[in-house]
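2 protein chains.
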Amino acid sequence: MNNLKLHILGCYSATPRAFTNPTAQALEIKNHIFLIDCGEGTQVQLRRQKIKFARIKHIFISHLHGDHFFGLPGLLSTFRLLGRDTPLHVYGPKGIKEAVTLMLKVGSAWTNYPLIFHELETNTSELIFEDDKVEVFTIPLKHRVYTNGFLFKEKLGDRKLDINAVLNYNIDKCFYQNIKKGKDVTLDDGSVVANDKLTLDPQKPKSYAFCSDTSYKEDIVPIIKEVTMLYHESTFLEQHEKLALETGHSTAKQAGIIAKKAAVGGLILGHYSTRYNDLNEFKEEAKQVFDKVALAEDGKEFLF
Amino acid sequence: MNNLKLHILGCYSATPRAFTNPTAQALEIKNHIFLIDCGEGTQVQLRRQKIKFARIKHIFISHLHGDHFFGLPGLLSTFRLLGRDTPLHVYGPKGIKEAVTLMLKVGSAWTNYPLIFHELETNTSELIFEDDKVEVFTIPLKHRVYTNGFLFKEKLGDRKLDINAVLNYNIDKCFYQNIKKGKDVTLDDGSVVANDKLTLDPQKPKSYAFCSDTSYKEDIVPIIKEVTMLYHESTFLEQHEKLALETGHSTAKQAGIIAKKAAVGGLILGHYSTRYNDLNEFKEEAKQVFDKVALAEDGKEFLF
Chain D
27 MNNLKLHILG CYSATPRAFT NPTAQALEIK NHIFLIDCGE GTQVQLRRQK IKFARIKHIF
87 ISHLHGDHFF GLPGLLSTFR LLGRDTPLHV YGPKGIKEAV TLMLKVGSAW TNYPLIFHEL
147 ETNTSELIFE DDKVEVFTIP LKHRVYTNGF LFKEKLGDRK LDINAVLNYN IDKCFYQNIK
207 KGKDVTLDDG SVVANDKLTL DPQKPKSYAF CSDTSYKEDI VPIIKEVTML YHESTFLEQH
267 EKLALETGHS TAKQAGIIAK KAAVGGLILG HYSTRYNDLN EFKEEAKQVF DKVALAEDGK
327 EFLF
Chain E
27 MNNLKLHILG CYSATPRAFT NPTAQALEIK NHIFLIDCGE GTQVQLRRQK IKFARIKHIF
87 ISHLHGDHFF GLPGLLSTFR LLGRDTPLHV YGPKGIKEAV TLMLKVGSAW TNYPLIFHEL
147 ETNTSELIFE DDKVEVFTIP LKHRVYTNGF LFKEKLGDRK LDINAVLNYN IDKCFYQNIK
207 KGKDVTLDDG SVVANDKLTL DPQKPKSYAF CSDTSYKEDI VPIIKEVTML YHESTFLEQH
267 EKLALETGHS TAKQAGIIAK KAAVGGLILG HYSTRYNDLN EFKEEAKQVF DKVALAEDGK
327 EFLF
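Protein chains in written order, with my numbering: chain D, 27 to 330; chain E, 27 to 330.
If we strip away everything but chain D, and leave its shape as in the complex, we get (with noise of 0.2 Å):
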């Protein structure tokens, strides 16, 4: 049974406190690591929750405000300092590539490894990453700078053996990996014994979604239909709704009913607003329209 797993590395909006962190995650699907945002503090959090720092090899930046990339700059060179030399690709909106590689030059301190920026512009959900087991496409949010945000999917696997049947059928072991990608055998006596006779469906392929930052925006619901997790920013309460309109932002409701309307398979709230207090309140407001509702918090992990 393979699982994904999000470190929730930090989880707060903008302005800081004294003891949480700006938005980034960390996705452990198939054998990537994805980072996905990089607030400033993000390689501390990476260092306390052992995140190796050489397992990460594609970062994912939503959008370019502060509180999503001013921590890329410092992991850069963090990797440089340890001496990287597999090669880092980053994703994010036109204009990251010169603002980071700038920090970077200044003090002459261009990375020894490859790294290869991907500057996003396109408003349609586009595929940016694909090997043989997972894809991730861009989710167009509405904020107030161009903002993606990007779901995460494994690709549908082999099908899984049968083991039982395959014995009962005496078939010889060579043809196991053609029979997992779908193949028909036949047998000695010419008669040809079909596929689903052999084989289990397979797994699943699971899929995370995150959606930070945007005001409420219903588009994005075919994108994100049925993934397994979905993460929704609520940076705001509904008392609040006037203002999260007003700042592209959304309020824990407004998650709970694109949760909702996306039937997902179940929604992380995050990046709130530091005016509250208590975070329950948020849980308490997705839930009046979504009933699988966690909360983010700096340094929690989900696994789904």
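Do not rely on the hints blindly, as some may be mistaken.
One copy or any two copies: either way a pair holds, since identical chains are not told apart in the list.
Unchecked claim - With a Cα cut of at most 35 Å, we get these calculated DSBU-like pairs of lysine-lysine:
(1) Lys168 <-> Lys123
(2) Lys131 <-> Lys120
(3) Lys199 <-> Lys123
(4) Lys309 <-> Lys223
(5) Lys159 <-> Lys313
Quick caveat, the hints were computed from the structure, so don't treat them as lab data.
Model, not experiment: these values are computed from the prediction.
Starting from the structure of chain D, add chain E where the hints point.
Structure of chain E alone, referenced to chain D:
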């Protein structure tokens, strides 16, 4: 009795650990709070030490390596979010303005308060700030990139009124201000009382010199001569003197030698490489040449 108060916000060198911070200090001198260097996470450290953001009006950046200035964009953004309107002056190497403002610009996050950069590029000590009570000079250092230390000096204050003498001569209060400025007083009978009969010497002006990062550099001795307190980096121990030279840093012993030659009132060590586990070794090593040695530690305060 006026003391200077130095807050150590962070004192480790570049590679971050889970619970240490890169270089930043806040110096309280007269009515100022001067921020010196601003490594990543400085704004959080300021919060933890309950230093009021609004009181910081001058920031001095020694050089453009990440562990000394990557916290600046975040701090400037936070000032904006908090509705600051008082001007902020930033002193640092040429290039700082373009890099830092671009980080804000890509997120459409211009400051709504006046942000004035003072770019430094000379290699001789120069006066960069002055008001009626304080002067700040650069201390040209020797590092891998253009680097300045900073010398913060109180100006010599007014002479102190010797209240017994003044009453004895039955001098009218309206003369007090002039007496403190050093003037003699002519009595009603035409006789003159010399100022030194009416006043005491003012308190000796205090001073603080911040020297990080730098190789051993004797040229700085005349500039920091007899300062009340010297902070001098000690990235390495003597056993790694060669490495110190190669990387543009100093050993604890070298810091001690500079302190001794400059006959300073006290020496604070810092900017420790994370390769060492026992900081007391730094102190012991410096003490071999200079007596009054203290260790900077994150969160520590020095009064002098």
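To see whether the hints hold, each was checked on the structure:
1. Lys168 <-> Lys123: Both ways: Lys168 and Lys123 sit 22 Å apart in one copy and 30 Å across, limit 35 Å.
2. Lys131 <-> Lys120: Close inside one copy (19 Å) and across copies (12 Å); limit 35 Å.
3. Lys199 <-> Lys123: This pair counts as neither: shortest intra-copy Cα distance 50 Å, inter-copy 66 Å.
4. Lys309 <-> Lys223: neither (46 Å within a copy, 75 Å between copies)
5. Lys159 <-> Lys313: Within one copy, since 33 Å is at most 35 Å while 59 Å is not.
Checked against the numbered hints listed earlier, the structure breaks hints 3, 4; every other hint is satisfied.
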